[in-house]
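Line by line, the protein sequences are chains C and H. What the first sequence shows, in this note's numbering, is residues 1 to 225, in sequence order. What the second sequence shows, in this note's numbering, is residues 226 to 478, in sequence order.
If you are wondering where the hints come from, they were derived from the structure by calculation, not from laboratory data. Computed from a predicted model, the values in this text were never measured in an experiment. One or more of the hints may lead you astray.
What the hints assert, rightly or not - Pair ranges (Cβ atoms, derived):
(1) C:P56 to H:R271: 26 to 36 angstroms
(2) C:P56 to H:A270: 40 to 50 angstroms
(3) H:R356 to C:G193: 49 to 59 angstroms
(4) C:S215 to H:A250: 58 to 68 angstroms
(5) C:P141 to H:G353: 31 to 41 angstroms
(6) C:P29 to H:A270: 51 to 61 angstroms
(7) C:V94 to H:Q346: 17 to 27 angstroms
(8) C:S215 to H:K378: 52 to 62 angstroms
(9) H:G387 to C:I74: 18 to 28 angstroms
(10) H:D460 to C:G82: 34 to 44 angstroms
Glycine is no exception: its CB is placed at the ideal position from the N, C-alpha and C atoms.
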Amino acid sequence: MSDDNLSALLLTFKLALIVTFLLLLLGTPIAWWLARTRSRLKGIIGAIVALPLVLPPSVMGFYLLLLMGPDGPIGLFTQALGMGTLPFTFAGLVVASVFYSLPFVVQPIQNAFEAMGDRPLEVAATLRAGPWDRFFSVAIPLAAPGFLTGGVLGFAHTVGEFGVVLMIGGNIPGETRVVSVQIYDYVEALEYGDAHLLSGLMLLFSFIVLLTLYSLDPGKRRTRR
Amino acid sequence: MSTPIARIIGAVLLVTVFGSPSSQAGTVSAAVAANFAAPMKAIAARFEHDTGHRVRLSFGASGRFFAQIRHGAPFDVLLSADDEKPARLEAAGLAVPGSRFTYALGAIVLWSARPDLVDAQGRVLETGTFRHLALANPKLAPYGEAARSVLQKRGLWSTLRGRLVYGENIAQTYQFVASGNAELGFVALSQVLKDGQIRAGSAWRVPAELYPPIRQQAVLLNRGADNPAARALLDYLQSPAVRRLIRHYGYGP
Chain C
1 MSDDNLSALL LTFKLALIVT FLLLLLGTPI AWWLARTRSR LKGIIGAIVA LPLVLPPSVM
61 GFYLLLLMGP DGPIGLFTQA LGMGTLPFTF AGLVVASVFY SLPFVVQPIQ NAFEAMGDRP
121 LEVAATLRAG PWDRFFSVAI PLAAPGFLTG GVLGFAHTVG EFGVVLMIGG NIPGETRVVS
181 VQIYDYVEAL EYGDAHLLSG LMLLFSFIVL LTLYSLDPGK RRTRR
Chain H
226 MSTPIARIIG AVLLVTVFGS PSSQAGTVSA AVAANFAAPM KAIAARFEHD TGHRVRLSFG
286 ASGRFFAQIR HGAPFDVLLS ADDEKPARLE AAGLAVPGSR FTYALGAIVL WSARPDLVDA
346 QGRVLETGTF RHLALANPKL APYGEAARSV LQKRGLWSTL RGRLVYGENI AQTYQFVASG
406 NAELGFVALS QVLKDGQIRA GSAWRVPAEL YPPIRQQAVL LNRGADNPAA RALLDYLQSP
466 AVRRLIRHYG YGP
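Could you put together the complete structure from these sequences and hints?
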């Protein structure tokens, strides 16, 4: 394996790890709110979270490029913080990927919270557990399968990200050139040998991830019911 | 079934099938390099008007077209962004030998969306305080190769390396610069030219001696070998009026 390929693989997994961590942190309160709220805003927030499922990555990439650019609202904000602008940086990829993979993490966790129902929390409340205690000692353990599914899907989806990275990455080795972009480059440059190698690895990785997920899931579901 | 509506539909079908303007009118499918999209649309409209043939245009990266043609993509002609891919198609027996010709010579400019950033000699490359300089990926795009050659000739390739960002093709490179995410970049002259003038921002027209010529070649593919419309389109591209039109869009002679 060449240094270029190794660097692209490492970069991709580093990106996916950071994004998954941030998404579990950020997605949990959103999922909790969506699962428990009776607010009229639920529909709107739910739809916004789900947008990346249906939007073409080219649309997301194009808008992110404008929003994060020197005249865009996110760009003005990051420049005011003295960070410069986000496109063409690893931090920019992290931000874009968090948007892009959000529904893949939020929705499984939200489903798990909803499936749990009110009952366990009410029982915990009668045992004088405070709201934080109920959340951490009752809700999170009961929703563990949802967290597992969300984490795995968020990770895998970030690894498989292409269109958005292509639009905002600038293809910088070691900084924004992830595996999917590297493969695209090889195909465009007619270097099919390297394209095959990386594509095969991605196929194997994706299959193993889904296989693991599907073989874990049914057992977990049974214990939950 | 002999309602009036059915009769009208029948008449329309007859007209569409047999009533085309020319008795030998055909359809040609052309794969066209993305940088040539604007002139090609204008040329195709004229061609359809003049000959009665129909043109189906697909725009994209030459490398991807190459891979698709190798695997049987239904194109009659390829207008590549370089001369390498048409030559390789011909060598591989996928294109008609001897049908290759240069339809346009690409020219590059150093361009910025800001009106005061780029000076007429491109000295901003040495003196400027910019964070990102965009160019097309030299590995994939002849315009990127040309940009790299300019930077190498001026001895800046290694010093500027950390500030380079790469577009997958010249269209994306233009987008990076136009949106201001890269302060400046090497784009195709045809992208920033309008009626012989730089449309907006500031630019340095790079002298042709500083980079190898960007020969954009067209080739007749095997699938189009017996298609009169395909041959007619290639002839049309070489006619003096069309060559003038191509120059007007910012390509070399």
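Each hint, compared with the structure:
Restraint check, P56 (chain C) to R271 (chain H): a C-beta distance of roughly 33 angstroms satisfies the suggested window 26 to 36 angstroms. For the pair P56 (chain C) and A270 (chain H), the beta carbons lie near 28 angstroms from each other, so the given range of 40 to 50 angstroms is not met. Taken as a hint, the range 49 to 59 angstroms is violated for the pair R356 (chain H) and G193 (chain C), whose Cβ atoms sit roughly 36 angstroms apart. Look at S215 (chain C) against A250 (chain H): about 60 angstroms separates their beta carbons, and that is inside 58 to 68 angstroms.
Distance hint check for P141 (chain C) and G353 (chain H): the Cβ-Cβ separation is about 57 angstroms, which falls outside the suggested range of 31 to 41 angstroms. A C-beta distance of roughly 55 angstroms is found between P29 (chain C) and A270 (chain H), which places it inside the suggested range of 51 to 61 angstroms. Range check, V94 (chain C) to Q346 (chain H): Cβ separation about 39 angstroms, and the 17 to 27 angstroms hint is violated. As the Cβ distance of S215 (chain C) to K378 (chain H) is approximately 59 angstroms, the hint placing it in 52 to 62 angstroms holds.
Judged by the Cβ atoms, the range 18 to 28 angstroms given for G387 (chain H) and I74 (chain C) holds: they are separated by roughly 24 angstroms. Roughly 60 angstroms separates the CB atoms of D460 (chain H) and G82 (chain C), a value that falls outside the hinted 34 to 44 angstroms.
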